[in-house]
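A.B. asks: For this one, chain X is given, so just place chain R on it according to the hints.
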Amino acid sequence: MAENTSTESPPAPSPFYYGVPLLIVLAVGAVFFLGEKDGNEDKAAPSRKVVVGKDYYVLVTVMEFHPAKQGGASWDAGNSAPDLYYQLSWNGKTIYHTENDVVKNVLIAKWFGLGANVSVMDLRKVLSSEGQRLSPRNLIKAASIFVEPNGELVIRAYDDDPLRDDFAGGCAIPLADLEPGDNAYFIDAEGKPTRDRARMAADRGGLKRFVLRVVDSAQPVEKLVEALR
Amino acid sequence: MNPRQLQVCLAVAAGLLGLGLFAPCMTLHPAFGDITPLVRLLKPDLTAPSTYSILEGIRSMFDEGSIFIGVVVLLFSVVFPIWKLGVYFMAAARRARGLDTGASVRWVNQLGKWSMLDVFVLAVLVVAIKGLPGGSRVAIEWGAAAFCASVLLSIYISLHIGGQRNSVASEAAED
Numbered sequence: 001m002a003e004n005t006s007t008e009s010p011p012a013p014s015p016f017y018y019g020v021p022l023l024i025v026l027a028v029g030a031v032f033f034l035g036e037k038d039g040n041e042d043k044a045a046p047s048r049k050v051v052v053g054k055d056y057y058v059l060v061t062v063m064e065f066h067p068a069k070q071g072g073a074s075w076d077a078g079n080s081a082p083d084l085y086y087q088l089s090w091n092g093k094t095i096y097h098t099e100n101d102v103v104k105n106v107l108i109a110k111w112f113g114l115g116a117n118v119s120v121m122d123l124r125k126v127l128s129s130e131g132q133r134l135s136p137r138n139l140i141k142a143a144s145i146f147v148e149p150n151g152e153l154v155i156r157a158y159d160d161d162p163l164r165d166d167f168a169g170g171c172a173i174p175l176a177d178l179e180p181g182d183n184a185y186f187i188d189a190e191g192k193p194t195r196d197r198a199r200m201a202a203d204r205g206g207l208k209r210f211v212l213r214v215v216d217s218a219q220p221v222e223k224l225v226e227a228l229r
Numbered sequence: 001m002n003p004r005q006l007q008v009c010l011a012v013a014a015g016l017l018g019l020g021l022f023a024p025c026m027t028l029h030p031a032f033g034d035i036t037p038l039v040r041l042l043k044p045d046l047t048a049p050s051t052y053s054i055l056e057g058i059r060s061m062f063d064e065g066s067i068f069i070g071v072v073v074l075l076f077s078v079v080f081p082i083w084k085l086g087v088y089f090m091a092a093a094r095r096a097r098g099l100d101t102g103a104s105v106r107w108v109n110q111l112g113k114w115s116m117l118d119v120f121v122l123a124v125l126v127v128a129i130k131g132l133p134g135g136s137r138v139a140i141e142w143g144a145a146a147f148c149a150s151v152l153l154s155i156y157i158s159l160h161i162g163g164q165r166n167s168v169a170s171e172a173a174e175d
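Chain order of the listed sequences is X and R. Every letter in the first sequence is one number past the one before it in the numbering used here, and letter 98, counting from 1, is 98. Every letter in the second sequence is one number past the one before it in the numbering used here, and letter 109, counting from 1, is 109.
Pulled out of the complex, with its shape left as it was, chain X reads as follows (with noise of 0.2 Å):
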């Protein structure tokens, strides 16, 4: 009896092993999983205020009116909407505007924070090897402003006319409350600009909102082109 159980095989190991490396990768891939989502979440997260002491460059990205001036009055003759643009200021001095980029016939205008005017015959010269460069610190269309503990932007929205220009509404926002992107502005009953949508104002006439976008200038070109365009 005792010889018999010195010969006996052990008992062969469980099939369980045969699974052990694909659990192994299965694991490191959810490891993986779990970090991208992670990242994901961070980057959506609402992003911190604008560092004071840095340059930024700011554009209003989106501007909308409502569809009648303060007091009720229609934009312009025979009932079509009105021409948009908007001018920034800062330390009592406009710094960037849009008079030459009127957006026509619209309630609601959108600007980009980069662009060219390149006829067909110039975009031959820009081609060609020995043609004219363009550099894309030259083709952003945005204010630049130093950020300080006090101070403001001042953004004022104009319906263009061949007379007289309306003016739409207009309002002050302290620097030091701007996030880098888009910041979205409501304008409320007193006229005063609110992160609050559900403080807007109904009926005011004039100004309705704004998206302003903020970017930080020091940044590396191709990040700059994402940030503005």
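Quick caveat, the hints were computed from the structure, so don't treat them as lab data. The model shown is predicted, which means the values in this text are computed figures rather than measured ones. Mixed in with the good hints there might be a few duds.
[To be verified] Quick list of simulated restraints, FRET-style, between CB atoms: (1) X:F146 / R:V79: 57 to 65 Å; (2) X:V51 / R:D34: 31 to 39 Å; (3) X:E226 / R:A149: 29 to 37 Å; (4) R:A96 / X:F33: 29 to 37 Å; (5) R:E56 / X:P67: 46 to 54 Å.
Quick reminder that beta carbons are idealized off the backbone N, C-alpha and C, glycines included.
C.D. replies: Just chain R now, kept in the frame of chain X:
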């Protein structure tokens, strides 16, 4: 190498394989020759770098209709390496119990030459994409290094596990 050391090496190889499959393997930096700055200005998304892992590469093959190539790469870059490591895990467990490593190890070793196909596929992909015009280039990411390390480690393990009959089992058989 004793069975315990083998199992540790196998766990490391499986971890490296997981990293190799899920981690970034290569980054494609598109370029358009002399007009690259202009394209970057007007359509930045066209010049944005794209990073792929091996699994993402396989998925894009299926998405683009390259089913045959996708299946081949899936089999020899994902299924076969995992199966091979599974067989080695079982062989190490059998050796720990004084048993023969089993016929499946001999099968895996017979098919071992196919395991380098994944490295070959990777090399062909890199060469193919590096040959794109316009100055596009490919940067190899750390996932490729992890994948290659896994393949090399599994080859090293195969040298120590390869179909040997355990000494205890041999002695028992001789008795």
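A.B. asks: All hints are to be evaluated individually against the structure, with a verdict given for each.
C.D. replies: Going through the hints against the structure:
Checked against the given bound of 57 to 65 Å, the beta carbons of X:F146 and R:V79, roughly 59 Å apart, stay inside it. Distance hint for X:V51 and R:D34: a CB-CB separation of about 38 Å, consistent with the stated range 31 to 39 Å. Look at X:E226 against R:A149: about 35 Å separates their beta carbons, and that is inside 29 to 37 Å. Checked against the hint of 29 to 37 Å, the C-beta distance between R:A96 and X:F33 comes to roughly 33 Å, which is consistent with it.
Taking 46 to 54 Å as the suggested C-beta distance range, the pair R:E56 and X:P67 conforms, at roughly 49 Å.
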